[in-house]
Amino acid sequence: MAASPPILSRRRYQIQRAGFAALLMATLVTVVPIILIAALILWRGAPAISWEFLTQPPRQGMREGGILPAILGTLWLTLGTGVLAVPFGVAAAIYLAEYAPESRWTRTIRVAIISLAGIPSVVYGLFGLGLFVLFLGFGTSILAGSFTLAIMTLPVIISTAEEALRSVPQSFRVVSISLGGTQWQTIRRIVLPEALPGILTGVILGLERAAGETAPILFTAAAFFLPRLPTSPLDATMALPYHLFVISTQVPGMPIRLQYGTAAVLLVFVLGMNILATVVRSRARARRQW
Amino acid sequence: MVAVVETANQTARLPDERHALAIRGLSLVYSDGKESLREIELDIPVHAITVLFGPAGGGKSTLLRSLNRLNDLTDVRHRSGQVWFDGQDILQPATDVIALRRRVGMVFARPVVLPMTIRGNMTYGLELAGERDHKHMAMLLERSLRAAALWDEVKDRLDDPAISLSGGQQQRLCLARVLALEPEVILLDEPTSGLDPLSTGKVEASLHELKSRYTIVLVPHSIQQAARMADYAAFVLDGQLIEVAPGKEIFTRPRDRRTQDYVEGRFG
Amino acid sequence: MRGVAWTEFLITRWIRVSGYSAILFVLLIFGFLLREGSPALIQIPPSSLLGVRWYPIEDHFGILPLLGGSVVVTIGAMLVGVPLGITTAIYIAEVSPRSVREILKPLVEVLAGLPSVMLGFLGIILLAPSLRRLLDLPTGLSALTGALLLGGIAIPTIVSVAEDALDAVPRTYREAAMALGATRWQTIWRVTLPAARSGVLTAVMLGIARVIGETMTVMMVTGNAPVMPSGLQSLFRPVRTMTATIAAEMGEVANGSVHYHALFLIGVTLFLISLAINLIAAAVVFRQRTRAERVLS
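In the order they appear, the protein sequences are chains A, B and C. The working numbering puts the first residue of the first sequence at 1, with every later residue one more than the last. The working numbering puts the first residue of the second sequence at 291, with every later residue one more than the last. The working numbering puts the first residue of the third sequence at 559, with every later residue one more than the last.
Chain A extracted, bound-state conformation (with noise of 0.2 Å):
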């Protein structure tokens, strides 16, 4: 829209330069809190960073010493996640999408999903309580909280991963499948490569979502303090959110300035994530060949 066209009457223009003034500032409200508090937490929390906070366990109660438990947990706890999540997820995701004809039993599979996706991560740590700790006897460790993790990562892996392999050409399959190839043949050699960028995406996101997750691994995972390291699947373990939850809860007397530095190794973290995820994405965009 260039210059006001006669007819229309100037009081038209007003209101809409008001509304679009109005919708700006209601974005910004928005928006720019969410840089705030990506400062504050950094700015506030860097002090506390030190290559000891990094790499020593924390001493007197935690109100000193370091978080390396707590970032190794999390580091073990995605892992975990991932090694299990991923290779059910994308299967999942190439049935959906490759496989299955459209029935009663793909849409009661997608109603599935869905229900997943909305359960409440407190309710999954109820869950993994329940089957993992409790009913299997795993015990609080990181076996069982990464299986609940999983479970709960499970439907954005699958919905991310389906939508990158439906993203692919349907020309690209059916040129295979006419110079002799079988379907599995097809999707491991094309579908699946030129899918991998947005399967990746999808899986980085999902793991962000589980590294930053406290409310599952409650009691499925989490240990306020262990004397040692986790040497087996089996132990317990400590974790940067479930740490930051304790040390600004339960501990009377804690550093403010270590409460942020955990604050801010978790924002790192999961940042650090999410902007892995935008990069493959772009680049996978740039180096496309269709």
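Hint data in this document are derived by calculation from the structure and do not stem from the laboratory. Every value quoted in this text rests on a predicted model; they were computed, and no experiment measured them. Keep in mind that a hint or two might mislead.
As the list claims (entries may be wrong) - So, partial list: chain A residues that the calculated Cβ filter (under 8 Å) puts toward chain B:
id, residue
1, S171
2, F172
3, V175
4, L179
5, I190
6, E194
7, L196
8, Q250
9, G253
10, Q289
Unchecked claim - Computed spacing ranges between beta-carbons, pair by pair:
id, chain 1, residue 1, chain 2, residue 2, range
11, A, Q289, C, E810, 52 to 62 Å
12, C, Q791, A, R59, 43 to 53 Å
13, B, E331, C, R729, 42 to 52 Å
14, B, G377, A, R287, 19 to 29 Å
15, C, L568, B, R422, 20 to 30 Å
Cβ atoms here follow ideal geometry from the backbone N, Cα and C, with glycine treated the same way.
We have chain A already, so just place chains B and C on it with the hints.
Quick look at chains B and C alone, frame taken from chain A:
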């Protein structure tokens, strides 16, 4: 399982030596009801170009895709009849469709190059088949690209992405890709519909060259192309085979009224 | 060649099984929750269960205050999140230039990725004390604090779904309106937004589902007092949500006790509520899509 068909007093193998494919009573209905076929009877001669022409939606593509079982990818409600190739009815469930598709290759209307290098496109079908001999593949690669009149243009850039080729080059690559599998029959579904006249000419020239060694079935994108290319031509209308005749006759002296109307442009 | 066919068979089997695994997991979760929660229905008389006192130590298991807490916080969060979320979505989808959009969308995505415990942390350290001073409250840990933070948590969900809905409105609608002399502003409010109505509704519903299911933030800032909220005053007083109850008390219960089963029962309730909202939202989207397909074909 060799076919035994009694015709008059003799048992004969289908198709006979002069033909590559023999279609008997082929009927097909898609679940959306479109583009079906009704009782098609047709013999495709070897070492010649057979053209299937007719108005859009009449079933030409359906008929073409029945010859390499590519119809399996679509929702078919009903199919009956036989398509005989090398003594076997390829519509039987027991058919090895994978092997069939290597022997009966297809080029599509839009050039679809796979998202890999030119070399990758060429060797894709061979790798699917389990071919590991790189020397053999290299030999087939060069021979096929020459046959598609593309070798000189790409021989120095085989490791470039195939998408970097022009439209006409891509389509010739698709042809070469099929040739690399050393098929017996080549099916082409409006292969030059998106191409400029120069590229169209190159493709048509290649096909003329190739017909001495292969059997070619072509769906043209214009009646003029049909007239240029056809050794034999079959007019397909509303799923039915109206008339089959040598190319020289059918466009100048069609026997059926409907063929004549179509050839003269009264409907299209 | 045999070996290859065997691996392919196994892999295809694996793919098929995985496809159905989602159904398995949902049933497993629901079944388990029901198994551990239903004893509470037997052990706690309905009159007590629907009572207004949640005080497990003295065998009071009334879940109404918890339900009330969740409701109050959710309503508060929606009052914050819906206006901000929808206006932001409109701005991003309809008004902002492309370059600005490329910055705004990732920013909103960052908000979506922020762990709730981090927001709860900031809530304790900054928001609660500020509200306490500003509004002269006995404590800053109240339903209001929770509502504000949860509104922020709901915003990314509302923005992304609403923005998709607005984007999906066919360009021809807007062009037709403008050809009739409407300004962009008028087009948005009279044409685009109504056309995206069901998508926006879905966005709000999914926002509600997100908020009801939120645990850590509410546990950290709403004060955790299982008092039945009544009247507008309750917004400024501590409450406790269903989610926070489970999170706070699960660690201390004896396996198999009445309390244990009661907490699982709350879990079942949460499961069903979230399920209902998500399924309704999905059905709305589905119906909208088929209607649009019919209109456009």
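Hint check: 8 Å Cβ-Cβ cutoff, A:V175 to chain B: Holds - the Cβ of A:V175 comes within 8 Å of chain B, reaching about 5 Å at its closest.
C:Q791 versus A:R59 beta-carbon gap, inside 43 to 53 Å or not: Once the Cβ atoms are compared, 45 Å apart, the range 43 to 53 Å for A:R59 and C:Q791 holds.
Interface hint outcome for A:G253 [beta carbon to chain B under 8 Å]: Not OK, violated: A:G253 not within 8 Å of chain B, min 60 Å.
Outcome for the supplied range 42 to 52 Å, where the beta carbon pair is B:E331 and C:R729: Holds - the Cβ-Cβ distance for B:E331 and C:R729, about 50 Å, lies within 42 to 52 Å.
Range agreement (Cβ of C:E810 with Cβ of A:Q289, hint 52 to 62 Å): Distance hint for A:Q289, C:E810 holds at roughly 58 Å.
Status of the given 19 to 29 Å range, CB of A:R287 versus CB of B:G377: 48 Å Cβ-Cβ, so the 19 to 29 Å window is violated.
Satisfaction of the A:F172 interface hint, Cβ to chain B closer than 8 Å: At 6 Å from the nearest chain B Cβ, A:F172 passes the 8 Å test, so the hint holds.
A:E194 as an interface hint toward chain B, with CB separation required under 8 Å: Holds, because the Cβ-Cβ distance from A:E194 to chain B comes to roughly 6 Å (cut-off 8 Å).
Cβ separation of C:L568 and B:R422, checked against the hinted range 20 to 30 Å: holds (23 Å)
Evaluation of the interface hint that places A:I190 against chain B, nearest CB under 8 Å: holds (6 Å)
Restraint satisfaction for A:L196 [CB to CB of chain B, less than 8 Å]: A:L196 check fails; min Cβ-Cβ to chain B is 12 Å, beyond 8 Å.
Restraint check, 8 Å cut-off on beta carbons, for A:L179 near chain B: holds (4 Å)
The structure is inconsistent with the numbered hints 7, 8, 9 and 14, although it conforms to all the rest.
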